[in-house]
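Colleague: Going down the list, the sequences are from chains A and B. For the first sequence, this note's numbering gives the first residue as 1, with consecutive numbering after it. For the second sequence, this note's numbering gives the first residue as 1, with consecutive numbering after it.
Don't take every hint at face value.
Copies of the same chain are indistinguishable here, so a pair counts whether it falls within one copy or spans any two.
Cross-link-like lysine-lysine pairs, in silico, PhoX-like; alpha carbons within 20 Å at most [as the list claims (entries may be wrong)]:
id: 1; residue 1: Lys37; residue 2: Lys78
id: 2; residue 1: Lys14; residue 2: Lys60
id: 3; residue 1: Lys21; residue 2: Lys132
id: 4; residue 1: Lys109; residue 2: Lys26
id: 5; residue 1: Lys26; residue 2: Lys78
Bear in mind the hints are in silico, worked out from the structure with no lab data behind them.
Number of protein chains: 2
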Amino acid sequence: MHPTIETMRDVVAKGDEEALKDLLAKEVKFKPPTYYKTWTGRDPVAAVLGHVAQVFSDFKYRRIMGEGVNWALEFECKIGALDAVGVDLITLDDAGLITCFEVVMRPYKSVGALREAMNQRVMRDARFLSYKEALT
Amino acid sequence: MHPTIETMRDVVAKGDEEALKDLLAKEVKFKPPTYYKTWTGRDPVAAVLGHVAQVFSDFKYRRIMGEGVNWALEFECKIGALDAVGVDLITLDDAGLITCFEVVMRPYKSVGALREAMNQRVMRDARFLSYKEALT
Numbered sequence: 001m002h003p004t005i006e007t008m009r010d011v012v013a014k015g016d017e018e019a020l021k022d023l024l025a026k027e028v029k030f031k032p033p034t035y036y037k038t039w040t041g042r043d044p045v046a047a048v049l050g051h052v053a054q055v056f057s058d059f060k061y062r063r064i065m066g067e068g069v070n071w072a073l074e075f076e077c078k079i080g081a082l083d084a085v086g087v088d089l090i091t092l093d094d095a096g097l098i099t100c101f102e103v104v105m106r107p108y109k110s111v112g113a114l115r116e117a118m119n120q121r122v123m124r125d126a127r128f129l130s131y132k133e134a135l136t
Numbered sequence: 001m002h003p004t005i006e007t008m009r010d011v012v013a014k015g016d017e018e019a020l021k022d023l024l025a026k027e028v029k030f031k032p033p034t035y036y037k038t039w040t041g042r043d044p045v046a047a048v049l050g051h052v053a054q055v056f057s058d059f060k061y062r063r064i065m066g067e068g069v070n071w072a073l074e075f076e077c078k079i080g081a082l083d084a085v086g087v088d089l090i091t092l093d094d095a096g097l098i099t100c101f102e103v104v105m106r107p108y109k110s111v112g113a114l115r116e117a118m119n120q121r122v123m124r125d126a127r128f129l130s131y132k133e134a135l136t
């Protein structure tokens with residue numbers, strides 16, 4: 001397994017922003033399950049992932065599939081009382097950093113709860129005032 | 001690539017129920033992106049997948065990752081005017097048939113449109129009266 005993917009297993013669930021930044025390319029793109037827009041850039045993406053980790057509980061990676069620069073990391077978690085399943089779709093660059101991080105999930109109701117919780121958290125995090133232009 | 005996964009590339013987008021059945025284990029489990037419950041059994045699962053294929057347009061598999069019995073098939077499609085991305089999480093049995101088919105997607109709004117369209121279609125398909133007990 002690629003060492004970046006190996007490290008993701010430890011770092012993503014904790015939402016440790018500094019450790020996450022070490023895995024992200026400078027112009028990383030993050031596509032959330034909750035809406036269609038894309039976050040661009042190491043700092044805002046690490047901040048979003050940090051919040052996601054606080055909303056998810058009992059997070060656990062299941063199967064990890066892929067090779068080279070293309071990976072699919074299946075996970076399960078809870079969002080409040082609701083069960084959820086998802087996949088982190090990862091693309092690495094030549095340096096082994098994450099250049100695209102797209103998250104797909106199920107079921108619909110759980111993603112609705114995630115959306116609500118993320119909106120509340122981002123609204124209270126003053127950094128997102130300056131991250132506004134990172135969302136396109 | 002496993003021949004079942006290879007065949008999925010031709011068959012899933014078309015929603016050809018008979019061709020789908022040839023890929024499904026008798027007691028296949030299907031976990032949709034739209035709700036938490038699970039469909040069990042070759043006939044109801046083929047019928048659900050047949051309807052899904054009619055709701056999706058411009059369906060295209062992107063990366064296919066995995067090996068052995070564990071596969072992740074990334075796809076993109078449209079649901080009405082909305083773009084969507086998803087992953088078919090596939091588990092094969094020893095005979096190479098699909099024993100678990102779990103679908104995760106993004107974004108939330110597109111999955112809401114899928115849910116609405118699927119409810120309408122299933123409501124008008126009389127076979128689902130007898131498939132009721134396959135949903136648990």
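Colleague: Return the numbers of the hints above that this structure violates; sort them in rising order.
Modeller: The structure conflicts with hints 4, 5, although it agrees with all the remaining ones.
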